[in-house]
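K.L.:
Sequences and hints are given; from them, build the entire structure.
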Amino acid sequence: MNSGRNWSLIYVILQPYHNVSIINASFPPSVPQRAEVQTSSAYLFPSFKYIPYLPRVSFDSVQALVKGYLLPTKLNPAHDSLSPIHRDRLLRSKEYQSLLYGVRDVEDIVVLICGHGGRDGRCGTLGPVIQEEFKKALPREGIEVLQGPVPIRHQNGGNTGYLAGVASEKPTARTGLISHIGGHQFAGNIIIYIPKKAKTSAGETHPLAGCGIWYGRVEPKHVEGIVNRTILAGEIIEDLFRGGIMQDGEILRTAGNAVRVL
Amino acid sequence: MSPRPLITSSWPATRIFSRHISRVQSSQPPFPTTPSCPSPKCACAETPVLPGGLHINYSQPLNGTMAPYAEQVVICTSQMDWKSRIEDENDGDNLAADLKELLGRGGMYRDVRLCSLSYVKSFYIL
Chain Z
1 MNSGRNWSLI YVILQPYHNV SIINASFPPS VPQRAEVQTS SAYLFPSFKY IPYLPRVSFD
61 SVQALVKGYL LPTKLNPAHD SLSPIHRDRL LRSKEYQSLL YGVRDVEDIV VLICGHGGRD
121 GRCGTLGPVI QEEFKKALPR EGIEVLQGPV PIRHQNGGNT GYLAGVASEK PTARTGLISH
181 IGGHQFAGNI IIYIPKKAKT SAGETHPLAG CGIWYGRVEP KHVEGIVNRT ILAGEIIEDL
241 FRGGIMQDGE ILRTAGNAVR VL
Chain V
1 MSPRPLITSS WPATRIFSRH ISRVQSSQPP FPTTPSCPSP KCACAETPVL PGGLHINYSQ
61 PLNGTMAPYA EQVVICTSQM DWKSRIEDEN DGDNLAADLK ELLGRGGMYR DVRLCSLSYV
121 KSFYIL
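Chains as they are written, first to last, in the working numbering: chain Z, 1 to 262; chain V, 1 to 126.
If you're looking for bench data, these hints aren't it; they were derived computationally from the structure. Hints are not guaranteed to be accurate.
[Unchecked claim] Chain Z is faced by these chain V residues, among others (derived, beta-carbon under 10 angstroms):
{"id": "1", "residue": "F31"}
{"id": "2", "residue": "T34"}
{"id": "3", "residue": "P35"}
{"id": "4", "residue": "K41"}
{"id": "5", "residue": "A45"}
{"id": "6", "residue": "P51"}
{"id": "7", "residue": "Q60"}
{"id": "8", "residue": "N63"}
{"id": "9", "residue": "M66"}
{"id": "10", "residue": "E71"}
{"id": "11", "residue": "V73"}
{"id": "12", "residue": "V74"}
{"id": "13", "residue": "C76"}
{"id": "14", "residue": "S78"}
{"id": "15", "residue": "I86"}
{"id": "16", "residue": "L99"}
Every residue, glycine too, gets a C-beta built ideally from N, C-alpha and C.
P.N.:
Listed below in structure tokens is the structure:
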């Protein structure tokens with residue numbers, strides 16, 4: 001290394017640009033108050049937001065999702081030459097967030113398992129078996145696996161909240177099959193999102209709270225270990241680790257013999 | 001969304017510099033790790049046999065095979081499987097297609113990725 005300045009330059013350039021990953025999941029969408037309205041629901045990670053209602057009748061809710069939650073909050077210096085109007089168009093705008101009803105924080109552990117058989121037989125074969133294994137292993141460790149749509153309580157003032165009894169101290173999880181995330185050759189592929197307020201089994205702050213951890217080459221025999229080591233104790237299993245993301249978007253990799261921010 | 005090969009581990013510069021960048025960023029304590037997955041104590045399902053001709057790659061290291069992203073949108077569809085391109089579901093009338101139309105190639109918010117990509121490329125050539 002000839003000077004610190006060069007390395008900081010490289011660091012800036014290697015910062016991932018704003019890439020949004022869009023995948024489907026087997027989770028059922030929340031049921032709208034008016035059943036005749038066709039809506040979608042979506043999770044956002046690592047923001048850990050759940051958006052229960054995205055009406056399909058117009059493009060407005062899609063625009064609100066993109067402008068309010070998905071565009072970057074600041075632009076890469078490469079955009080400095082753009083006009084202010086153009087830059088504003090590419091930036092997130094909080095006013096759009098209020099157009100989406102009932103958005104709330106994700107408080108469940110979310111285990112996503114690639115099961116995209118329509119794309120590749122490996123994840124399509126392994127995914128459902130691994131999901132069943134998680135559904136058995138999580139309750140053994142005292143983590144309730146929630147099924148069915150995320151319930152939303154509708155209040156008169158337009159605010160929403162949990163149904164009574166859902167928000168408890170006991171950790172809860174949801175497992176879902178998802179579409180392609182890259183790397184069928186590394187099936188089974190899973191992503192574990194640990195909620196921001198998660199605690200370890202010892203009651204301490206979870207080291208991976210607010211993080212997403214990607215594992216590959218997962219087999220049913222690994223599921224118990226993943227639940228114990230990663231979900232309960234907050235340890236990353238190195239020989240399954242494909243990478244990770246922190247809540248602020250920083251990317252995790254194995255570096256030397258430790259996992260660090262890229 | 002399709003992976004972005006320039007920023008994955010297939011891009012040599014990422015591999016060469018990642019260790020040094022980690023040193024620069026060492027103010028962040030490393031995460032707790034364990035080298036390998038402990039063996040199960042409970043009975044678990046057998047690993048299913050894969051369809052003919054399909055194999056798992058056990059030779060390439062997994063580290064760095066996650067394509068970086070700023071946000072992941074996970075759409076609740078109630079389905080257990082999808083067409084090869086998820087945007088083709090329901091004859092193209094679906095949320096994934098709408099989002100990819102705005103954020104994907106040719107979309108009105110695509111500039112973010114395209115500009116950055118050319119920025120990285122120009123540096124790499126230099």
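K.L.:
Hints first: check each against the structure and report whether it holds.
P.N.:
Evaluation of the provided hints:
no.: 1; hint: F31; verdict: holds, 4 angstroms
no.: 2; hint: T34; verdict: holds, 5 angstroms
no.: 3; hint: P35; verdict: holds, 5 angstroms
no.: 4; hint: K41; verdict: holds, 7 angstroms
no.: 5; hint: A45; verdict: holds, 4 angstroms
no.: 6; hint: P51; verdict: holds, 4 angstroms
no.: 7; hint: Q60; verdict: holds, 8 angstroms
no.: 8; hint: N63; verdict: holds, 4 angstroms
no.: 9; hint: M66; verdict: holds, 3 angstroms
no.: 10; hint: E71; verdict: holds, 5 angstroms
no.: 11; hint: V73; verdict: holds, 5 angstroms
no.: 12; hint: V74; verdict: holds, 4 angstroms
no.: 13; hint: C76; verdict: holds, 4 angstroms
no.: 14; hint: S78; verdict: holds, 5 angstroms
no.: 15; hint: I86; verdict: holds, 5 angstroms
no.: 16; hint: L99; verdict: holds, 5 angstroms
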